[in-house]
Amino acid sequence: MRLILELALTHIAGRGRQTVVAILGVALGVGFSIAMAALMQGTEKDFIAQLVDTMPHVQITDERRTARRQPAEDLFSAAQFEGLRPKEDRRGILNPAAAFASLRSWVPGRMAQSLRTQGVVRYAGRDVGVAVIGIEPETEARVSSVAGDFVEGSFDSLRAGGNNIVVGDSLARRIGASTGTTIQVVAPTGQSRGFRIVGLFHTGNNARDEGETYVLLKSAQILSERPNAINDIRLRLDDPEAAPRVARQAEAELGYKAVPWQEANESLLEALVVRNVVMYTVVGAILLVAGFGIFNIISTITHEKARDIAILKSLGFTQGNMRRLFLIEGLALGMAGSLVGWLIGFLLCLALSQVDFKVSGAAIGREMTRLPLFWSPWHYAIASAFALISSGVAGYLPARQAARLNPVDIIRGAT
Amino acid sequence: MNLLIEADHLTRILPATVPITLVRDVSLTVGEHEFIAITGPSGSGKSSLLYLLGLLDRPTSGTLRIAGQDTSSLNDDALARLRLEMLGFVFQFHFLLPEFTVLENVKLPMRKAGRLSSTEMRGRAASLLEELGLAGHLDKRPDQLSGGQRQRVAVARALANDPSVVLADEPTGSLDSKSSEQVFQILQDLVKKRGKTVIAVTHDMDIAGRVDRRIHLVDGAVVSDERVTQPVA
Ligand SMILES: Nc1ncnc2c1ncn2[C@@H]1O[C@H](COP(=O)(O)OP(=O)(O)O)[C@@H](O)[C@H]1O
Ligand SMILES: [Mg+2]
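Going down the list, the sequences are from chains A and B. Positions 263 to 677 (the numbering used here) are the ones given, in order, by the first sequence. Positions 9 to 241 (the numbering used here) are the ones given, in order, by the second sequence.
Quick caveat, the hints were computed from the structure, so don't treat them as lab data. Treat the hints with care, as some may be off.
The following label-pair restraints were derived from C-beta to C-beta distances [stated by the list, open to error]:
hint : chain 1 : residue 1 : chain 2 : residue 2 : range
1    : B       : SER35     : A       : THR562    : 40 to 50 Å
2    : B       : GLN77     : A       : GLY582    : 33 to 43 Å
3    : A       : VAL551    : B       : ASP197    : 56 to 66 Å
4    : A       : LEU601    : B       : ASP197    : 43 to 53 Å
Not everything, but these chain A residues come out facing chain B in the computed CB check (under 10 Å) [as the list claims (entries may be wrong)]:
hint : residue
5    : GLU268
6    : ALA275
7    : ASP570
8    : LEU577
9    : THR631
Selected chain B positions facing chain A (in silico; Cβ < 7 Å) [as the list claims (entries may be wrong)]:
hint : residue
10   : TYR59
11   : LEU64
12   : ASP65
13   : ASP84
14   : ASP85
15   : ALA86
16   : ARG91
17   : LEU92
18   : PHE97
19   : GLU107
20   : PRO117
21   : ARG119
22   : PHE192
23   : ILE194
24   : ARG202
All values derive from a computational prediction rather than experimental measurement. Glycine included, each C-beta is placed from N, C-alpha and C at the ideal position.
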């Protein structure tokens, strides 16, 4: 009803400073909530993007989740084995060429195979334990994010003839080697060979920059004395979200453990959920506090305007009218606060997006120079919804009180 | 003659550790076109009786009919509706909304009733105010008016929805004698010219002496209810 709205606005307008404070309270709550949500979701998206970007979407290794089917089970339908554990011995993926070919026929994306072993890099009297990854440069470049992180050389440089290796820049610095240097790589088998550094990469992830080395697949197979073996197939999918489905299918087909990136990072992703719960709790708390500001002003108005309430009721306004009047006042403040809050939130995000800083990769595993912010109308909608609910409740409580007020008590008191 | 108000053994007791009887067993009927004064010493329950008759308060016992309708079975919203359409109040203090103009204050009950268009409401409010001698003050705020002017605005507001009965609680109680006389004249005109029924609580014996009917209260009970035939002026 327009009349009620008009009365409500008159009441609010009559309390200039308090109104401004109440609106600002809501606005700050909404604004900070929006900025916080943008930052939280931005970092989350950024984090996941990094994961998806740097990790294989599905990694198939020569492990098995369950024990292999026992030959007796195949022979005798009554035979049943329980409590068997998969064999620990990791002999690589059996018949890798066939496995690779069959995957290629249906997997929507690109794939690479490799042999991953442990080794020790030895140079100038220093020994560093590393992962030695045997790859095929052409396919690897299409699957691995390292391909884009080369400071010098590339995966293709491995083909240059002779025994070549590419290493992370941190590792090179640590052992005091550089491009062109020949270093010794010692395999667990005791085999030792000299490799010439033909490329340096810098991913920003210290563990990789210091702990991963790449050689040709053949070299790795010779080094570990496992001719033709591979123990790792990595898939890079057109749609990263399809990873769990692809992994399930690959696992069913090959019998080897296929891990989608979501599973590999399960605990991290769970931590993100917890983070979101924490965030929404804080947002809720902020807006609850803003609600107290509104409660305060509406309570004051209902007390101060007791006479008006009495006279309006004596004129024939109903309890419902009075309730609506103060409820509208609360909601109007909440709405005004929301709108101002949108602006504050927007400006905060804008300001945050301008912040330029440098964090060393060591602490967080990678480097950042800008705060990742994610803009979503949902942040605005949710913050406003919170604000409106809280202001509605804050208005309703005194409104109910005011509506019950008996006009006779007021009029008698005044006369 | 239609009876506007029929009170039958109205009693209002204020519940407390020592209950206070505000109105004691009052029975009376009020018809159309009556000018009634309720008199009595201070604290005798005049206001309390007026609140009961005006549906602002409910009796502890007894029944009250307004225009033939029993009000005891009505809920608060229905009572509010009856107040809006049948009754107009004028109190000792004007009780105008301070943020609204004189014209807006008078329009308020009409807007609540929602029967007239905006221009009709404006026209009706303006003409009521003009008849009460407030032609030049339509757009002023209540605090820019004198006490007598404000009380006349309150009368205009009471008349907004053309009620059958106007209830006034010491309407001249806070006015000087000149303003009092003006307001009294207006109330008298409501009866004589507009055919309203006016029930006014008053201390002013001069006013009490010039009405058609006097109800005298003592201790919440009616001790006399006399009709006076006024000499033709
Ligand atoms: N809320 C209340 N609490 C205690 N006493 C009250 C209350 N309301 C009214 N009274 C008492 O009831 C009596 C009647 O009051 P009222 O109707 O206002 O009388 P009048 O209008 O004739 O002066 C008075 O004695 C008054 O003090
Ligand atoms: Mg009184």
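Here's how the hints hold up against the structure:
no.: 1; hint: B:SER35 to A:THR562: 40 to 50 Å; in the structure: 44 Å, holds
no.: 2; hint: B:GLN77 to A:GLY582: 33 to 43 Å; in the structure: 21 Å, violated
no.: 3; hint: A:VAL551 to B:ASP197: 56 to 66 Å; in the structure: 58 Å, holds
no.: 4; hint: A:LEU601 to B:ASP197: 43 to 53 Å; in the structure: 52 Å, holds
no.: 5; hint: GLU268; in the structure: 9 Å, holds
no.: 6; hint: ALA275; in the structure: 8 Å, holds
no.: 7; hint: ASP570; in the structure: 6 Å, holds
no.: 8; hint: LEU577; in the structure: 5 Å, holds
no.: 9; hint: THR631; in the structure: 55 Å, violated
no.: 10; hint: TYR59; in the structure: 5 Å, holds
no.: 11; hint: LEU64; in the structure: 5 Å, holds
no.: 12; hint: ASP65; in the structure: 5 Å, holds
no.: 13; hint: ASP84; in the structure: 6 Å, holds
no.: 14; hint: ASP85; in the structure: 5 Å, holds
no.: 15; hint: ALA86; in the structure: 9 Å, violated
no.: 16; hint: ARG91; in the structure: 4 Å, holds
no.: 17; hint: LEU92; in the structure: 3 Å, holds
no.: 18; hint: PHE97; in the structure: 5 Å, holds
no.: 19; hint: GLU107; in the structure: 4 Å, holds
no.: 20; hint: PRO117; in the structure: 5 Å, holds
no.: 21; hint: ARG119; in the structure: 5 Å, holds
no.: 22; hint: PHE192; in the structure: 19 Å, violated
no.: 23; hint: ILE194; in the structure: 19 Å, violated
no.: 24; hint: ARG202; in the structure: 19 Å, violated
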